Amino acid sequence: MFKFLNLLYKNEAEYESVYEIFKSDIIRENEVYDDKKLNNLVQVVLNKYINALRIFGVKIKKEKNKFKLESSLYISEYSIDNIKAMSILTSANINIPDKDINKNISELVNNIVLRMDIQRRNILNSLLGKYNFTFYFTNIKDQIEQCKKYCKDNVLLEINYINKKKEERCICKPKEIKYTIKTAILSCYEVKKKEIIEIALPNIISIDELPNRTTSFESTTTVVYKLTGRLAKTYKLKENEKLDKIEEDSITIINTGEPRDKLFARLMRYADLCKIITPKYIRSDMINLINDSLKNYNK
Amino acid sequence: MKRFMETNTVTHNLMSFSGFKSLLIFSMLVEGPKTYEEIIENIENNEYLKETISKDTIRIYMNSLKKVGCDIKKIYEGRTVKYYISSHPFELKITDAQADSIIKIYKAISGSIELGDFILLQNFFDKISEHITNEKLKLQIKNLSPISNLNSSLIKELAKYTKDKTEITILYNSKNFKKKKEITILPDKMHINNHKLYITGYNSEYQNYGEFPVNNIIKIVSVNIDSPKLEIPGLTVTYKYLKTDNTNFEILNNEKIIEETNDYLIIEISSKNKFEITQRILSFTNKCIVLSPDNYKNEIISCLLKMKEGYIEE
Chain W
1 MFKFLNLLYK NEAEYESVYE IFKSDIIREN EVYDDKKLNN LVQVVLNKYI NALRIFGVKI
61 KKEKNKFKLE SSLYISEYSI DNIKAMSILT SANINIPDKD INKNISELVN NIVLRMDIQR
121 RNILNSLLGK YNFTFYFTNI KDQIEQCKKY CKDNVLLEIN YINKKKEERC ICKPKEIKYT
181 IKTAILSCYE VKKKEIIEIA LPNIISIDEL PNRTTSFEST TTVVYKLTGR LAKTYKLKEN
241 EKLDKIEEDS ITIINTGEPR DKLFARLMRY ADLCKIITPK YIRSDMINLI NDSLKNYNK
Chain Z
1001 MKRFMETNTV THNLMSFSGF KSLLIFSMLV EGPKTYEEII ENIENNEYLK ETISKDTIRI
1061 YMNSLKKVGC DIKKIYEGRT VKYYISSHPF ELKITDAQAD SIIKIYKAIS GSIELGDFIL
1121 LQNFFDKISE HITNEKLKLQ IKNLSPISNL NSSLIKELAK YTKDKTEITI LYNSKNFKKK
1181 KEITILPDKM HINNHKLYIT GYNSEYQNYG EFPVNNIIKI VSVNIDSPKL EIPGLTVTYK
1241 YLKTDNTNFE ILNNEKIIEE TNDYLIIEIS SKNKFEITQR ILSFTNKCIV LSPDNYKNEI
1301 ISCLLKMKEG YIEE
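Residue numbers (the numbering used here), protein chains in the order written: chain W, 1 to 299; chain Z, 1001 to 1314.
Hints are not guaranteed to be accurate.
Unchecked claim - Subject to a maximum C-alpha distance of 27 Å in a straight line, what follows is the list of computed DSS-like cross-link-like pairs (lysine-lysine):
#1 Z:Lys-1274 x W:Lys-236
#2 Z:Lys-1308 x W:Lys-236
#3 W:Lys-182 x Z:Lys-1189
#4 W:Lys-64 x W:Lys-23
#5 W:Lys-99 x Z:Lys-1163
#6 W:Lys-148 x Z:Lys-1082
#7 W:Lys-295 x W:Lys-164
#8 W:Lys-152 x W:Lys-141
#9 W:Lys-236 x Z:Lys-1180
#10 Z:Lys-1181 x W:Lys-236
#11 W:Lys-175 x Z:Lys-1219
#12 Z:Lys-1136 x W:Lys-103
#13 W:Lys-37 x W:Lys-164
#14 Z:Lys-1165 x Z:Lys-1196
#15 W:Lys-178 x W:Lys-66
#16 W:Lys-238 x Z:Lys-1196
#17 Z:Lys-1308 x W:Lys-164
#18 W:Lys-262 x W:Lys-175
#19 Z:Lys-1055 x Z:Lys-1107
#20 W:Lys-66 x Z:Lys-1067
#21 Z:Lys-1082 x W:Lys-68
#22 Z:Lys-1306 x W:Lys-295
#23 Z:Lys-1034 x Z:Lys-1066
#24 W:Lys-99 x W:Lys-64
#25 W:Lys-242 x W:Lys-262
#26 Z:Lys-1287 x W:Lys-166
#27 W:Lys-173 x W:Lys-130
#28 Z:Lys-1073 x Z:Lys-1093
#29 Z:Lys-1093 x Z:Lys-1142
#30 W:Lys-148 x W:Lys-194
#31 Z:Lys-1067 x W:Lys-295
#32 Z:Lys-1107 x W:Lys-173
#33 Z:Lys-1160 x Z:Lys-1104
#34 Z:Lys-1256 x W:Lys-226
#35 Z:Lys-1219 x W:Lys-236
#36 W:Lys-165 x W:Lys-295
#37 Z:Lys-1050 x Z:Lys-1082
#38 W:Lys-99 x Z:Lys-1127
Simulated from the structure, these hints should not be mistaken for laboratory data. In this text, all values refer to a predicted model and were calculated from it rather than measured experimentally.
Modelling step: build the complete structure from the supplied sequences, incorporating the hints.
And the structure:
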């Protein structure tokens, strides 16, 4: 019966699999069964176990040749705050245009709901309309699915896209799709520059799949920068960073793999408390960015 | 089953009694530690069973539960031995794909949710993370939120005083000070910036508007209910944002678009926290031009010149 329950909890209780479990329990060595007798026996035993579960309080229904669990053998405690959090995730999941996320979150929420009491289930249902997340890129659903496929297939791509009002071309290996409320972003490894770049999907003009698949080692550019003053004392290292040096009034940080535009935007916020040390060409890019910003004021 | 519904009585033809007993024993042991005697008594008093079973029979049932993957543990309370199920195969299991989707959906909405929602989600992540088997993803989900390592009751208290605009004195521990220090602030706003939670407000002692990371606040020392309700002066800055691609501009709650063309946006941002405005302006790099007020525009130019000089000096 517990094997049967296991299938029910996994939502894999097709009649054939359940039948096999009970059949193997019934068949004794050296005994010969004709098919009709065996079928009847299995059906009787199965009904008895299903009835035991039902009388115990576990709700099971049969739908399209599959048994489904409608209530759990045990109840997990979820607070009202937990249910509110679930309603946030569920509401976001309804609108985010990503089939895999939709499926995974729905399955997870269903699995949690299955282990909740009726009262908690009702609270969750009543909260579902409270949150509303609008993702502004539902019109690029197909593009998202295509890019996800590229990531999964680990192919080499030539992407033509808009960057700073200019058309740019890059050869890259797609890594993953990231989302914000406003847009979907393709994160990829730029083969020539050896860095992670992020391209917003609406900026992509064309994508060509290149014939040769690359399996070469991917090394990303490392940027070393120095922080001074109060920032040196309070700075919290990011996921892709490590501390290189601590001096009296400064710290030196090694950053690997952060997309260049994101890194520059972040370091600009630190104003004169931050300086890029190496590599030289990235340091020059940063100086150019500061100069370009000053040119906006004719300075 | 129909007969059972009418009479509420069970027979061997209707259900498997051994199956029912297994469920009952499973349920008792999941609920908490039980002695053999308690299990026997429960079975004897069960309205459908009403039968006496021996300790040996219970052992057989417990062995069957072990075989299907239940982890049955033994504890001693004095001389009494009790048994309970510490884990079982029917527990919620969060797959890697589900954990990954939680991370993605969370990152997608994290720019659009309020502090209260961050707290709700953090508590939920703490609750479900025990069901994630992949240790890396488990850690990632536990630390996903910017408030993951903060004291949630302190955050709630700070949020309450911020909402009520009540002056508070906090015990603050910063690496910039050599010792812990008491700071009095009239809180104005709590916000998340660069994956850190801050409380911002007016400091009457120094007569300035400051920003304090909540992870440096040890506790609220006192609440100054009778303090005068000060009006904190605000700053409004107008800037031009140059559109360079096809992505949507993410407008903040304290911003409004004054003008929009194909090439640029004119935006007005208002805040009592000048530092917050400056951070926003600088993060746009060369895509942003401050239009007014003139004194603030000059401050930004000075800041950029100072940055440039810093590189030249070396």
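Cross-check of the supplied hints:
1. Z:Lys-1274 x W:Lys-236: holds, 22 Å
2. Z:Lys-1308 x W:Lys-236: holds, 25 Å
3. W:Lys-182 x Z:Lys-1189: holds, 24 Å
4. W:Lys-64 x W:Lys-23: holds, 21 Å
5. W:Lys-99 x Z:Lys-1163: Since the Cα atoms of Lys-99 (chain W) and Lys-1163 (chain Z) sit roughly 39 Å apart, the hinted pair is violated (cutoff 27 Å).
6. W:Lys-148 x Z:Lys-1082: violated, 52 Å
7. W:Lys-295 x W:Lys-164: holds, 16 Å
8. W:Lys-152 x W:Lys-141: Holds. Lys-152 (chain W) to Lys-141 (chain W) sits at ~17 Å (cutoff 27 Å).
9. W:Lys-236 x Z:Lys-1180: holds, 20 Å
10. Z:Lys-1181 x W:Lys-236: holds, 21 Å
11. W:Lys-175 x Z:Lys-1219: Violated, because 43 Å separates the two Cα atoms, which is more than 27 Å.
12. Z:Lys-1136 x W:Lys-103: Within the cut-off at roughly 22 Å; holds.
13. W:Lys-37 x W:Lys-164: violated, 76 Å
14. Z:Lys-1165 x Z:Lys-1196: holds, 22 Å
15. W:Lys-178 x W:Lys-66: Not satisfied, since the Cα-Cα distance of roughly 36 Å exceeds 27 Å.
16. W:Lys-238 x Z:Lys-1196: holds, 11 Å
17. Z:Lys-1308 x W:Lys-164: Between Lys-1308 (chain Z) and Lys-164 (chain W) the Cα gap is close to 22 Å, so the pair holds against 27 Å.
18. W:Lys-262 x W:Lys-175: The given pair, whose Cα atoms are some 17 Å apart, holds under the 27 Å limit.
19. Z:Lys-1055 x Z:Lys-1107: violated, 54 Å
20. W:Lys-66 x Z:Lys-1067: Holds, at about 25 Å.
21. Z:Lys-1082 x W:Lys-68: violated, 34 Å
22. Z:Lys-1306 x W:Lys-295: OK: Lys-1306 (chain Z) and Lys-295 (chain W) at ~15 Å, within 27 Å.
23. Z:Lys-1034 x Z:Lys-1066: holds, 16 Å
24. W:Lys-99 x W:Lys-64: Holds, at about 24 Å.
25. W:Lys-242 x W:Lys-262: holds, 18 Å
26. Z:Lys-1287 x W:Lys-166: Answer holds: Lys-1287 (chain Z) to Lys-166 (chain W) is near 14 Å, not above 27 Å.
27. W:Lys-173 x W:Lys-130: violated, 40 Å
28. Z:Lys-1073 x Z:Lys-1093: holds, 21 Å
29. Z:Lys-1093 x Z:Lys-1142: Distance of about 16 Å is within 27 Å: holds.
30. W:Lys-148 x W:Lys-194: Given that 27 Å is the threshold and the Cα spacing comes to 21 Å, the pair holds.
31. Z:Lys-1067 x W:Lys-295: Violated. Lys-1067 (chain Z) to Lys-295 (chain W) sits at ~74 Å, over the 27 Å cutoff.
32. Z:Lys-1107 x W:Lys-173: holds, 22 Å
33. Z:Lys-1160 x Z:Lys-1104: Violated - the C-alpha atoms of Lys-1104 (chain Z) and Lys-1160 (chain Z) are around 30 Å apart, more than 27 Å.
34. Z:Lys-1256 x W:Lys-226: Between Lys-1256 (chain Z) and Lys-226 (chain W) the Cα gap is close to 35 Å, so the pair fails against 27 Å, i.e. violated.
35. Z:Lys-1219 x W:Lys-236: Satisfied, since the Cα-Cα distance of roughly 21 Å is no more than 27 Å.
36. W:Lys-165 x W:Lys-295: Status holds; Cα separation ~18 Å.
37. Z:Lys-1050 x Z:Lys-1082: holds, 23 Å
38. W:Lys-99 x Z:Lys-1127: holds, 26 Å
Checked against the numbered hints above, the structure violates hints 5, 6, 11, 13, 15, 19, 21, 27, 31, 33, 34; every other hint is satisfied.
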